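As you go down the protein sequences, you meet chains U and H in turn.
Mapping of the first sequence onto our numbering: position 247 corresponds to residue 247, and the numbering continues sequentially without gaps.
If you want our numbering, it's the position in the second sequence, counting the first as 1, plus 1000.
Quick caveat, the hints were computed from the structure, so don't treat them as lab data.
You can take every hint at face value.
Among the chain H residues that face chain U by a calculated CB cut under 8 Å, a handful are:
1. Ser1013
2. Arg1016
3. Ile1020
4. Ser1021
5. Val1024
6. Phe1028
7. Val1032
8. Trp1036
9. Leu1038
10. Gln1039
11. Ile1040
12. Ala1043
13. Asp1045
14. Tyr1046
15. Ser1050
16. Asp1222
Mimicking EDC-like on lysine to aspartate or glutamate, the simulated pairs with C-alpha atoms at most 16 Å apart in a straight line are:
17. H:Lys1208 x H:Asp1190
18. H:Lys1199 x H:Glu1182
19. H:Lys1094 x H:Glu1153
20. H:Lys1120 x H:Glu1090
21. U:Lys247 x H:Glu1220
22. U:Lys247 x H:Asp1222
23. H:Lys1094 x H:Glu1114
24. H:Lys1118 x H:Glu1180
25. H:Lys1208 x H:Asp1195
26. H:Lys1014 x U:Asp300
27. H:Lys1351 x H:Glu1387
28. U:Lys37 x H:Asp1222
29. U:Lys247 x H:Glu1051
30. H:Lys1530 x H:Glu1570
31. H:Lys1199 x H:Asp1285
The model shown is predicted, which means the values in this text are computed figures rather than measured ones.
Ideal placement from N, C-alpha and C gives every residue a C-beta, glycine not left out.
One-letter residues, chain by chain:
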Amino acid sequence: MIDRRLLTNIDWVLAGLVITVCLLGIMNIYSATAAYKIVGTSYYIKQFYWLLAGIIISLVVCSLDYHIFEDLSYWFYGAIILLLLAVLAVGKSSMGATRWLNLGFFNIQPSELMKIVIIVTFARFFNNFQTVGGLAVREVLVPLGLLALPAALIMKQPDLGTATLIVLIALSMTMYVGLRWSAIVTFICVTIPMVWVGWAFLLRPYQKNRVLDFLNPERSRLGSGYHIIQSKIAVGSGGFSGKGFIKGTQSQLRFLPEQHTDFAFSVFAEEWGFIGCLLLIILYLSLVLWGLNIARRCNDRFGALLAVGVTAMLFWHIVINMGMVIGLFPVVGVPLPFFSYGGTSMITSMVGIGLLQSISMRRFMF
Amino acid sequence: MRERRFVRELLESKKRIMVISFIVGVAFLFLVIRLWHLQILRADDYLAKSESNRLRFVPVAASRGALLDRTGKLLVSNRPSFSLAVIQQEVTDKEALLTLLSELLGLDRADMAERWEKSKGRAKYYPIVLASNISRDHVEIVEENRLRLPGIEIEMKPVREYTSGQLASHLLGYIGEVSEKELNSAGLEDYNPGDYIGKNGIERALEKELHGVDGGRQLEVDARGRILRTVSEKYPTVGNSVLLTIDANVQQQAEQSFGEQAGAAVVMDVTNGEILAFVSNPGFDPSLFSGKMPADIWQGYLDDKRHPLENKALSGQYPPGSTFKMITALAGLQNNMIDESTTVNCSGSYKLGTSTFNCWNKKGHGATNLHKALRESCDVYFYQLGEKLGVDKIAAAANSFKMGTPLGVELLNERSGLIPTAAWKQERFGKRWYRGETLSVSIGQGAVVLTPIQLASMTATIANEGTIYRPHLVKRIVDADGKTLKEARTEIIGTASFSKESFRLVKEGMLAVVNEPGGTGSVARLYDVKVAGKTGTSQVVKLSSSKKSTTYQYRDHALFVAFAPFEKPEIAIAVVVEHGEHGGSAAASIAGKILRTYFDGKKPPRKEAVKPLKGDDGNEDPDENGREAVVKEPRIDGDTTHD
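Start from the sequences and build out the full structure, keeping to the hints where you can.
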């Protein structure tokens, strides 16, 4: 099934970067959960299993010619929309939000899958769409609709983080295709009142609080502003070289919220300091630039769009998560790809890496 | 055509990738800059914050130093006391807990709730004291019901134990919980609410020595404030003990001698200023002040017209009355106004302008020289002398004894007394000085007031012929192991320079007061030691004697100062009996008992009981009151024609 020639073309830079970050992530999860009372399998072990699963999925995805996604994209899109509707109808709740769908043996989070599907859908749409000098307003109405439907459904769960990401991914791909100036201006003029409407009518109080807390962390020292303050203390107290592995007081004494998932970077920053952070950031930067490089080298328009989409997904996850941890962005539930604990994030990211790998391997075929 | 467009677009999109790569780089650069800001520029700041996040300090009170008398007898020490404390973080139902506590222990629920409310803002791991000094029974009840009382702890704290009861209560003072005002004052930054601090007396004056250094435990807590482990522990350092100059025996005898009478006594070593006894009667129970004072006892203290809470030896200011005559005499001798043989005829009164100043003995003393004037406390002799001297010369003599200034005893709030001068009156009241006032001053009345400490110091200085030692109460400071840390040094704070001859004449007069027929202080006489002294009566108000004796507050104070042995003086005594009347005898008899105790203590115990010796002159109860009866309201206001 797998072309022998393809195997020799495996993108080892991409694979190496991803595996390195994943291993650092597992090490960090080990430390972040060292103070936990664990019943059953430890988090870092579980994460290792997720990594293995991710690698397998990624291998499966990369072995397929990515063009089959082009054909299937609208089917996927339709299916996920149905799942999202199902979530709203019969979903499983946790922490005030309904995101999970119980499939009996497996809980899935359709909003997570939507990240990949929006990439594929947009890639297909733009691939078939010929434009000169950028897209006009009229030309983006269809993709806007394709985006608005899932985004609204995900917002409704409510999951501000994922909804934002889907919008950002779609926006990045659109910018890559190119927008006319007239379209850009129009968007700005439409977006601002929409943000106001969203703030006034759509955001839940806890979401508003998070934004307000971000703008002024002192607002609620023990509320969600507490998370930002504690995270900044953890990062800052790491100093130049960090406090050492499993020696971070902020993390080991559990001053950090969700420290093995969304705030995993905070734990890392405390224990490894500026030097460690710099290393991790260089790894991520390399990964993103390499993803863009794959897009650039790809002579197939659909492939390039896909690569840009996947890279955008990784980029926004990284920037939003790190920015949140170091107090540049409000607290939104966005994991750090390959680094935060969590199977869903791992699988989604690995599917993305599989796509990149697939594109990279086949760059000489077109 | 389509191909060309495709190629153009492809090239364009590749260019766009470069732009996107650049944007990505900038975004990551922002992250790095932010991390630089947090981890490099502000690292110390955040490190400090993370430390204060995780570390908590719980103080452990140091055991307070003991107070001992000069022989090493324990006066105040410590015993363990139990208090009921709550740790907020372990309590789920505050109201139920309080109700249960008040049911089990019978403690006042509202009181506990109030204490809790006050300390609510403290950290959740910090024990809040709900009731202090609870009984051992209570401790047992709490221990038995431990499971029903989550978060409740019994804390052991050392508290003061007053081994000798109320002995020297004013001198020793008491301790109490540090007040909010004290917490905010400079030098007390290390104190925490609930800590004990000396409020009064030696306890307060030597707080720094006695308190010790509180220890504490540095605890590591997690985000919920749960204690995980003790990071470091500093054991408290026991406070230093203070060895006082007080002789507990003499002190006790002195206090007993007062009986129900209010007053003060100071016994001082004339060779170094050590205070052997420091009495202010009646005393109070210092142990009541560190806990919750029962309301009725407190009200009793406030209502008692003898003012038990007042430290009379330190802050009581009394007109010295005739005990001041030594000063007038010394001033006269120094200024050559009189000598040994100068004689004045006392007819029982003395006329100055239109006013008449009476001698206490209305019959008069007849021809009177200095010796007789002191012995029989003739007022007319001193009126004449005073008039010749003028107030400023008398004041100069008094000031050379350091009267009118605090002498620097260790206790706080020592009063300065007052020696009036013409200039003082001008400044204070804007009025000129009248000569009639000088006459009052010359017999220790009028504006002159002295504290019992000053009276004792004056007597000591006469006894040692001129050296003024700083009166002091602390002999040495010792650490918990008994090692001497500081030894009080004898300190000379001044010299009263009068000729040896002057001192001899005054001292012989004082010897006569106690030992010669006609002397006013014969009750203080000892059979084996020569005592020299001087009686005094100080007017409280100017009223006729019959009216005075009926109302306690109006009765005259009785004073007596003495030193002994005459040949080689060791100790000086000043006794003031408030509203004691009867001339100096009430005070003199107390002084006699104190002297007896002191000299008995120096010798092997005697078999024979010591009886107070009756004076052979039959004049043991000279009523100096006779004077005040007539001296009432000396009309000095119209006395402007003289001068």
